[in-house]
Structures are given as structure tokens and as C-alpha cells.
Amino acid sequence: MSGVRGPAGSPAPLLAVERLRVEFPTRHGTLIAVHDVSFDIAPGEVLGVVGESGAGKSLTGAAIIGLIDPPGRIGAGSIHLGGRRIDGLPESEMRRIRGRQIGAVFQDPLTSLNPLYTIGRQLTETIRTHLPMSEADARRRAVELLEEVGIPAAARRIDHYPHQFSGGMRQRVVIALAIAGQPRLIIADEPTTALDVSIQAQIIQLLKRLCRDHGTAVMLVTHDMGVIAETADRVAVMYAGRIVEIGPVADVIHRPRHPYTVGLMGSIPSIVDDRERLMQIDGVMPRPTAIPSGCAFHPRCPQAFDRCARERPELMPAGSTRAACWLVESAPATAEAESL
Amino acid sequence: MSASSTSGAQRTDSALLQLSDVTRTFDVSPPWLNRVLERKPRVLLHAVSGVSVEIRRGETLGLVGESGCGKSTVARLIVGLYAPTRGTIRFDGVVVAGTGAESADPAARKRARRSMQMIFQDPYASLNPRWRVADIVAEPIRAHRLTAGAAATRKRVDELLRHVGLAPADGEKYPHEFSGGQRQRISIARALAGEPDLLICDEPTSALDVSVQAQILNLMAELQERLGLTYVFISHNLAVVSLVADRVGVMYLGRLVEIAPSKDLFSRPRHPYTRMLIDAVPDLEMSGKSRTPVAGEVPNPLSPPPGCAFHPRCPHANARCRVETPRFVNGVACHAVEEGRI
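Which chain is which? The protein sequence lines are A and B, in order. Numbering-wise (our numbering), the first sequence opens with residue -4 and increments by one. Numbering-wise (our numbering), the second sequence opens with residue 81 and increments by one.
If we strip away everything but chain A, and leave its shape as in the complex, we get (with noise of 0.2 Å):
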């Protein structure tokens, strides 16, 4: 698979995701929330995905951990991991991959730990569902992950309840059932979002050190650009359930090819600058139920022609990154001159 797949020389990627897509059977017909999305994950790689609410972001992860709801399903595709094919597979074999091949963060760290039970039998649990462990071993090593994840005073925390933990300590513990079963791939979802500047800056740390550390792949699904900007090695962008936008970071934030890209990237405040006005993108995207033809950024484009309406553009190589735009094709060469 790695031969087919990617440019000579890079590593075999470890997650290869291929033209999947994400529909949801409705009264009225079936609707694609996620289309033709296809993209790759080195070991050790952060992936960012960035788009606005209704992308498809979140759902391509929750494709990834077979996190569906029903009666969404995958329509199409496939999802390979480490080689082996892991979409279709029946929920108990599913359950074994999941937290011991991919773990998973959310947005909200209250949610996802039970409240009812102490952090550490939380732990200990998750460690022992995936690694051969005697129960002391385990809360032993429970210790360890929570001092990992920047705990302090872990032995004696580990006896609290969730409540007991202030929003940054909880997304930490999060973070350590997260990598309790030394999982190849995490997905985290939102992971600061509902977290405070400053708290949020330690977590992003964290993330990228467990990455440098274990060689854990992430697939970092976010709104805020400032967070991948920090975090991902490369980025993709998604509009309306596709990727528009593909490629290394610093080049798709300082030479975005894709009029969203430009217009998303001119939208974001920044401290630094002494702008009146932010650039603006009229308009909203669209709903699954009325995307529109060709181009499903075409509407809101400031440069759409006629062929933009008719025709969707594929990801075609624009400089170092890969962008879904005809803009694009028809100015090959100035581009390739631009990115150098």
C-alpha cells in the first residue's frame, strides 16, 4: 500500500485515508457531510484539519475511530492503519484498536471522564483493557501517565474524582487515558478549545512533546488557526465537507493558494498587526441539504468565473501545497514562481 501511496522517499504513512466519505440517509434523500476526503499521516506527524462549523472536520475524525452515529455511516472509501484496512470492521474488533491503536481527546474533558468514578480507576481500567497488567502495576503506571501529562502531586491526585480537577488538570487527564494504551495515532478533536489562553498553551506543549517523545501520530482537528499554526507540521483546510487545501503549514498560512485559505487566513485577528478592518468573506457555507454545483465555494469567492460554477475543481499541486481550485490550473507557472 505504501508503494501506491505518497512521494518516493517519505516514510509509509501510518493512517491513509482514501476518497472516504460520510453520508447521512435521510427522508429526503442521502446526505454527504463528507466527500472524497483523502489524506496521510507519517508516524509522528501532526496533521492539522482546520475549516469553520460544518466542514466535516469532526466527522472525518469520528470516521477515523468508528464514532458514527447512526444513521450516518461511510458511504464510501477506505481507512487504513498501520496497512491494516479498519473501516468496516465489526464494533467488537473496532473496540480493541480503539485507545490501544487510537486514542482519542475531546473538547469538553468533563465529559468524557466519569464522574463517578475516581480518576485513577479510570486509568487503571483503560490500562489493563489494553496491556497485560496486575492491578498494581497498573495504578503504578497510572502514576506515571499522570505525571507524564504534567500532574503534580500524582499520587495523590489520582484518588480525586474529575470534579476535583480544575479544566486544564482535567484535559491533562484526558490526555493520559488518551496514551494509556500507548496508542500509534491520536485524535484530538477541539482539544483547547474550551481551555484558557495560558492553559491552553501548556496542553499544546504537552501534545507536541508525547508526539517528539513516542512518535505518536496526531490528527489535530481545530478551528483556531493560532493552534495549528503552533502544533501541525502540515494542515488541511475543509469547506463544506471536502479538503479545498492541502499541505505544509508555515506555506498554507504565509502562501494560502485557495481563495477560503486566503479569505479564512485574512479573517483571523492578530496582536501583531495594525489592520482597521479584517478581511471579510461574505456570506455563510453552505448547509449538506443545498451545496452548491462546481465549485462549492463559488458563491462566496471573490474570484469565481463561469467555469467555477460549472465544474468542481480536483486538489491539484499548487507550489508545495495541493490546493482544489481552478485558479490554481490556469496560473500553474506564476504559481510555482511565487512559492520559491
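Rather than coming from a laboratory, the hints here were simulated on the basis of the structure. Yeah, the Cβ is synthetic: ideal placement off N, Cα and C, and Gly gets one too. Among these hints, one or two may not hold up.
As the list claims (entries may be wrong) - List of simulated lysine to aspartate or glutamate pairs, EDC-like, C-alpha gap at most 16 Å:
(1) B:343 <-> B:139
(2) B:235 <-> B:252
(3) B:343 <-> A:143
(4) A:203 <-> A:143
(5) B:343 <-> A:271
(6) B:343 <-> B:326
What the hints assert, rightly or not - Restraint-style ranges between C-beta atoms, simulated for each label pair:
(7) A:103 <-> B:185: 44 to 50 Å
(8) B:302 <-> A:150: 56 to 62 Å
(9) B:420 <-> A:203: 36 to 42 Å
(10) A:26 <-> B:101: 53 to 59 Å
(11) A:26 <-> B:205: 24 to 30 Å
Stated by the list, open to error - From chain A, some residues computed to sit far from chain B (all C-beta separations above 10 Å):
(12) 34
(13) 39
(14) 63
(15) 64
(16) 69
(17) 150
(18) 161
(19) 193
(20) 270
(21) 271
(22) 286
(23) 301
(24) 311
Here the structure of chain A is known, so what remains is to put chain B in place on it, guided by the hints.
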């Protein structure tokens, strides 16, 4: 706008809103029986302690701080959703809340109250789902009898909807038919219906996507220019505040720790907490680089540390900081700055 802006013309540069030593405590004690049986003491939460600040006509004051620092309580104190435990709030010279409010002219107080309107964070929770948009926007007009007759009210509502970038036809719809950004436009139209001078905006864009946030921030800037509005803009997002605010106040555990013109605050922060906050903002320019994360968390506001509340997290703290609460001098409350140590 109409009547109020004429008086405003003579009063430019003077303080439109003045908070003097405003304090608000909440009694979070256990119930009486528990206190008696378990011999538990009364517990007071100092949500806001001794905040003094002036807001000039036409300016935007940003208030920043982490969760629990009291910034939303300040907003609610200003618009009168809470009464201050101590201190005075003056609007255009009229005492609207706190010490001396009883002796103020009731008609003047009522006028002042109408001149202050609030925009809330969650556009899904702050609009009545059973009301048509036109009725939501018309409510302040009807309540304050600002127009004569239904036709005039309707005309005014149409005008307000156009002001915020909606169509008059949208007035016939219900809130659920709108996206988050459009709902926030409805909230703004409703706030403008009372013909306010001052808008208190409590995290107005925090629930919105960035591209929609940009639309709302641009709309607010445009309305401020057109209508000469004064804003108190509360947000945890420093980048947003740096964009919209003329001056910025930083709060920590219920106290104002620094206030300065926006440019100065972000280029030369003085208080160690402000420096820490600014350092913690993820920045697009820092792509790939790492920053020094800040140690520690905001302490429990029920038992704030003695002395300067920030001392357990402060790299410059010394013995004095641990016992003596710093006074607010020249826009900053810090012993280290006052002594010239930093």
C-alpha cells in the same frame, strides 16, 4: 443617536461611564441548616473588587482576562443586572447604581439605563425562539415608547434591520431560520433599538466561526463610526480585543491589574500577568516555533492568595507581594513595576 447625541456633542472627551471602586461579592455559603449543624462559616466570593475605570464617549474599552476573572460580572454590573455591593457607577454624570443611586433623579436614571444596552455571547440563547425577529427588535422601542404608532415602529425596525445588514423581510422570520452570525446581527439590531450611547458586548463573537466573526467585528466598527457609539468590549480573545479596542483593561481574580491604550498594552505590557497573557497567544507568525508556556492556573476565587493574587504564578514575586495587595497606580497594580524592579 437622535436626542442623546446632541448632549454628547458638548461632552466629548468627558467620561461617559465611570466606575468608582466597584465591588461585587456573592454569598455562596452552604444553606443555613448546614452552617449550623456542620459549623461551617459564611463563604463570600469576591467576583469584582475595587474596580475603578472611566470610559470616554466614542471610545472602545476592551476588558480581557481568563475565565472567572470577573469581566462578565463587570458587564452585568454596568447594565444593572447586578447591583454593586460597594462603589458607584455613573453614566453621563448620573449615578445609576451603587452609593447615591437612591437620591438620583428617577427619570434621569431611566434615561441612562436605556442608553446602555447589552449584546450577549450566545446568539442562540439570547433571542426568544417564539417571537418573530420584528417583534424582538421592536420590544425596546415599545417598552420605552420611542415611536408613535405601529407603522412608525415597523418603519424603525426595518431601518434597524438594514443597519445590521439584514433585509426588512427578515423581520417576519423566527430566530431558528438564521445562522449564528445573522442571529448576532439581530441581537445588535435589538440593542440599537433603544437608541443607546453605550453598548456592553460580552464575548459577542466567541460563539462564531472566524469568517463570521470578521463580518460581525467589521459591522460593529462601521456602526460605531456611523452612530458614534461607545463600546465596552469583553473578550478572552486578545487578538480580537487588540483589533477593536482603543484602551484595554486586564483583569485577574476580580481586580483590574493593568489598563493602557491598546497599542501600548500589546507592545509594552507592564504587569507580569499581562505579559504572560500576551506570550500565551498562539501566533500565526510563530509557525513551527515553540513558546514558553506559563506555569500554573488561576487560583480558586473562593480562597484567593494573600497579597497580590498573582504572586504564586509571578516570576518577579518577592516577600512584599505575598502579603501586601498592590495599589492601582498609573494604570498598573504591581509592586515590582512600582518599585522599578521590572
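Right, here's what the structure says about each hint:
1. B:343 <-> B:139: holds (14 Å)
2. B:235 <-> B:252: Holds, at about 14 Å.
3. B:343 <-> A:143: violated (39 Å)
4. A:203 <-> A:143: holds (13 Å)
5. B:343 <-> A:271: holds (12 Å)
6. B:343 <-> B:326: holds (8 Å)
7. A:103 <-> B:185: 44 to 50 Å: With Cβ atoms ~48 Å apart, the hint holds.
8. B:302 <-> A:150: 56 to 62 Å: Given a distance of about 57 Å, which is inside 56 to 62 Å, the answer is holds.
9. B:420 <-> A:203: 36 to 42 Å: Given range 36 to 42 Å: holds, Cβ gap about 37 Å.
10. A:26 <-> B:101: 53 to 59 Å: holds (57 Å)
11. A:26 <-> B:205: 24 to 30 Å: holds (27 Å)
12. 34: For residue 34 of chain A, whose nearest Cβ neighbour in chain B is about 20 Å away, the distance exceeds 10 Å, so it holds.
13. 39: holds (15 Å)
14. 63: holds (23 Å)
15. 64: Given that every Cβ of chain B is farther than 10 Å from that of residue 64 of chain A, nearest at about 21 Å, it holds.
16. 69: Holds: least Cβ distance 26 Å, greater than 10 Å.
17. 150: Residue 150 of chain A clear of chain B: closest Cβ-Cβ about 20 Å, beyond 10 Å.
18. 161: Residue 161 of chain A is in fact no farther than 10 Å from some Cβ atom of chain B, at 5 Å.
19. 193: Not fine: 4 Å to the nearest Cβ puts residue 193 of chain A too close to chain B.
20. 270: Not fine: 7 Å to the nearest Cβ puts residue 270 of chain A too close to chain B.
21. 271: violated (7 Å)
22. 286: Residue 286 of chain A clear of chain B: closest Cβ-Cβ about 16 Å, beyond 10 Å.
23. 301: holds (24 Å)
24. 311: holds (24 Å)
In this structure, the hints that do not hold are numbers 3, 18, 19, 20 and 21, in rising order.
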